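Chemist: Protein sequence lines, in the order shown, are assigned to chains L and B.
For the first sequence, position 466 (counting from the first letter as 1) is numbered 466 according to UniProt numbering, and the numbering increases by one without interruption.
For the second sequence, position 446 (counting from the first letter as 1) is numbered 446 according to UniProt numbering, and the numbering increases by one without interruption.
One or more of the hints may lead you astray.
One copy or two, either will do: identical chains are not told apart, so a pair holds if it fits within one copy or between any two.
SDA-like, lysine to any residue: derived pairs with alpha carbons at most 20 Å apart [to be verified]:
id	residue 1	residue 2
1	Lys413	Ala425
2	Lys410	Phe473
3	Lys200	Asn219
4	Lys200	Gly276
5	Lys194	Leu218
6	Lys148	Thr374
7	Lys148	Asp115
8	Lys194	Gly220
9	Lys148	Ala428
Keep in mind the hints are simulated off the structure, nothing from the lab.
Predicted model, so just to flag it, every value in this text is computed and none were measured.
2 protein chains.
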Amino acid sequence: MFDLLITEQQDTPLYQRIYDEIREQIHIGRLQGGMRLPSVRSLAVQLNSSKTPIETAYQMLLAEGYVLSVPRSGLYIADYDRLFPTEPSRPFNSSPTPGRPEEPLHLPAPPTVVDFNPTSLDPALFPFRTWSKLLKQSLEHFAGDMGKYGDPQGEWELRTAVAQYLWSSRGVNCLPEQIVIGSGMAYSIGILIKLLPGLKRVAMEEPGYNLVRDQFVLNGYGIDPIEVRKNGIEVSDLWTSSAQAVYVTPSHQFPTGGILPYPDRERLLDWAAERGAYVVEDDYAGEFRYSGKPIPSLQSLDRRDRVIYIGTFSKAVTPALRLNYMVLPPALLKTLRSMPYEILFAPSRIEQWAMYLFMEQGHWHRHIRKMRNTYRRKHRHLLALIALHLGDLVEVTGEHAGLHLQLAVKIRKSAQSLVKLAAGAGVAVYDFHKMWMGEKPIAEKFPNVFLGFAGIGLQEMETGIRLLRKAWFEGFSDDATP
Amino acid sequence: MFDLLITEQQDTPLYQRIYDEIREQIHIGRLQGGMRLPSVRSLAVQLNSSKTPIETAYQMLLAEGYVLSVPRSGLYIADYDRLFPTEPSRPFNSSPTPGRPEEPLHLPAPPTVVDFNPTSLDPALFPFRTWSKLLKQSLEHFAGDMGKYGDPQGEWELRTAVAQYLWSSRGVNCLPEQIVIGSGMAYSIGILIKLLPGLKRVAMEEPGYNLVRDQFVLNGYGIDPIEVRKNGIEVSDLWTSSAQAVYVTPSHQFPTGGILPYPDRERLLDWAAERGAYVVEDDYAGEFRYSGKPIPSLQSLDRRDRVIYIGTFSKAVTPALRLNYMVLPPALLKTLRSMPYEILFAPSRIEQWAMYLFMEQGHWHRHIRKMRNTYRRKHRHLLALIALHLGDLVEVTGEHAGLHLQLAVKIRKSAQSLVKLAAGAGVAVYDFHKMWMGEKPIAEKFPNVFLGFAGIGLQEMETGIRLLRKAWFEGFSDDATP
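Start from the sequences, fold in the hints, and give me the full structure.
Modeler: Encoded structure:
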């Protein structure tokens, strides 16, 4: 029996009161999982109201998962108590999203006006028309294969296209056979872990990419944090570590943005050869360099097969696709061949085919060029705005490549408090404390925050930087050094 | 310096001789990785031939990965020796493809005329037009999200749609929060392994799905094989096992095809509750049942939160999509919430959105109904053909659900030799010996082979069955029991 007592307070709209009451009854357990809600009409009669407020309330309950709709039957209470005996349900959209860096769980109030999120791209830059045309094409071209599983290592056509692109753009020398198409860094690292059974300690950049570090830790590996200086990992420190592998981001150290100089690259490869260790090269920003002459990838310098090269489509195309690739050296390829194929599970064939067509038809080269120019423009604009509005109050580093830069703010505050101050002004900037395994060295002369520019418009940028100046320096400019 | 000596034997075409010579020189190491091939024109001059044979030879070398093409530069020798010091490169398309069961590595000669592969679907049944329309729609609807990473547990909209579908069609009671969208069984099992750290032994159906068994073995788990009788796993045997989890396929035991009776389901749940163990319910064939009244899923019968429910879109839509889902009981959901989010990495947001629209717009219900009817028709037709052409010479079991059936062939031969005989006649049938962990019991009165019918046309079916009769019984009918 369904009995709803709707309070009379006229200040809250009826739909809200209906929604509150039903939710309340679910919480206190008067409405049990599996119970059917009355039809909109019958409840309208019971409450002597119009249908609209009831439909609205039901929609809200449905959207929030309190009730489930059974086609041609009605709405039922979800088994709520069973699910959350103790604590209340966490908001559905609050599960953290991956990326570099992850987004803060609770968005700052007031609502963010300008978000310098380093993981975001400008959605407008995604080649919508081309992509949906290519999806259509791949459904047609490969129609006959729609009933079959694909190669778990990735579609052959795509692997050929990737091999040729890597060769021409990054000097990576490999056969399509060496390429493992995947659905992101977590997948690739998961495969590597299976291919390197002996491995128990991994060296990581400190600070470094926490997602990768967590992957290794989750699998019971020991981590040796290796200090990052101005230009990236301090190679000489590797010799004091017992790690049999090191994960590096030489094209744009994540997060500090340093670019590993050529000599260090050779020294890194020497260390690996000497120790029989592997170097995992995450070339996530390989496509985006704004000054100086490009430095070849580690893989292209490696003559001793010590490098595992990993690249992604998340920066150049979209992170929504979850498509990346890993290039295995011959020895690991042989290990892979000797293992049950179940360790591999490539992503959607349809999108792999579409990406193949995207590359094969030349869209890819055009798109990369376009993205590079756009990012260069945004990058230059951001630097100009920082010089104009923040001037000597900050110091920019890690700005020669990638999609974010590092700002040393000349003020006696912690990075966290700078992030908070910015949030208070409606600007999201990022403090990568999660990227540190150990404590952040107090040594740092000034607090560092990070600003991404790929996902943000030129106009927003200006607003954002102006607001940052307000938030950080107006009112306590005496804190700032001259 | 590039010097090509083309033999004079006129019986092989010129392009073939060019191809052979270059490949030979790569093998013996005279052509080294990184060397540039001469342009088609210059080689044509050198050989005093037309361009066509040279272009053809280059195309072949390119297609086989011996050379790589660098846009606006030319063709280069791939670093071949480095890659395969000892053995020759394996043919590119020969890497095994997953599924149930995996396909034989070497296809039988003569080329297969009729393939009863249980993993294949009829590609013509894929809703091409609708799907490409929905991909377009999701690119439009969700354009604003294209620059961002999604929820690693899966897009909220899709999880809501799946929860409602499971509730209405399989009685599965869950909130969208309990659903983990994945890219296939290997992914889901990988997550489970992280959620059940204490777990060290898993019980599996014997025979059972080798992909799942291998996943557990790969991760260092001990396996307790539990005998499968006519109707599925022998629940009573579980009590003698120390496993803290069991993987089962109750809706259509894989591979034997038994349907676990209701009382056994209750007994299975009692065992799990008593032992505090988990039951992994793989409902891969839940949608396809051809006779008798449907038996509720284990999850829907479970009142003690012991069931992990796993379903897939690979059977009803296409395996090319690599899209599945797992329903976690509350306790495991809490464990998940307490872990770093990096253990999850959902597949493409674009295809998740498309699948959401597919379900939300009602295409899904129509499609499932259509597939069910098609499969029922094929299934009935196959049974009729078997009765007509093989009659008493075989015994059909596991035919009440799923997309394949089991054939006990009344002949004194091994299943392997039956598969070989069939292959010799151009028919692929399958012997699931890989599904057995231990030795296949000799006890079996007759050898069993498996025939899938989802991916095959009615006409082919008839040809196939006729050929099987020829291959198995004509010539040695004296072997056959009357």
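Chemist: How would you label the pair Lys148, Thr374 (within, between, both, or neither) given a Cα cut-off of 20 Å?
Modeler: Between copies only: 18 Å across, 40 Å inside.
Chemist: If the cutoff is 20 Å on CA atoms, where do Lys148 and Ala428 land: within, between, both or neither? Let me know, please.
Modeler: between (46 Å within a copy, 15 Å between copies)
Chemist: Is the C-alpha distance from Lys194 to Gly220 at most 20 Å within one copy, between copies, in both cases, or in neither?
Modeler: both (12 Å within a copy, 11 Å between copies)
Chemist: Is it within, between, both or neither when you check Lys194 against Leu218 at 20 Å Cα-Cα?
Modeler: So Lys194 and Leu218 pass the 20 Å test inside a copy (13 Å) and across (8 Å) alike.
Chemist: State whether the alpha carbon distance between Lys200 and Gly276 is at most 20 Å within one copy, between copies, both, or neither.
Modeler: Classified as within: same-chain Cα gap 14 Å, cross-chain 32 Å, threshold 20 Å.
Chemist: Under a CA distance limit of 20 Å, which applies to Lys200 and Asn219: within one copy, between copies, both, or neither?
Modeler: Close inside one copy (9 Å) and across copies (15 Å); limit 20 Å.
Chemist: Between Lys410 and Phe473, at a C-alpha cutoff of 20 Å, which is it: within one copy, between copies, both, or neither?
Modeler: within (10 Å within a copy, 89 Å between copies)
Chemist: When Cα atoms must be at most 20 Å apart, do Lys148 and Asp115 count as within-copy, between-copy, both, or neither?
Modeler: between (43 Å within a copy, 12 Å between copies)
Chemist: At most 20 Å between CA atoms: does that hold for Lys413 and Ala425 within a copy, between copies, both, or neither?
Modeler: Answer is within: at 17 Å inside a copy they meet the 20 Å cutoff, but 80 Å across does not.
Consistency note: the structure conflicts with none of the earlier hints.
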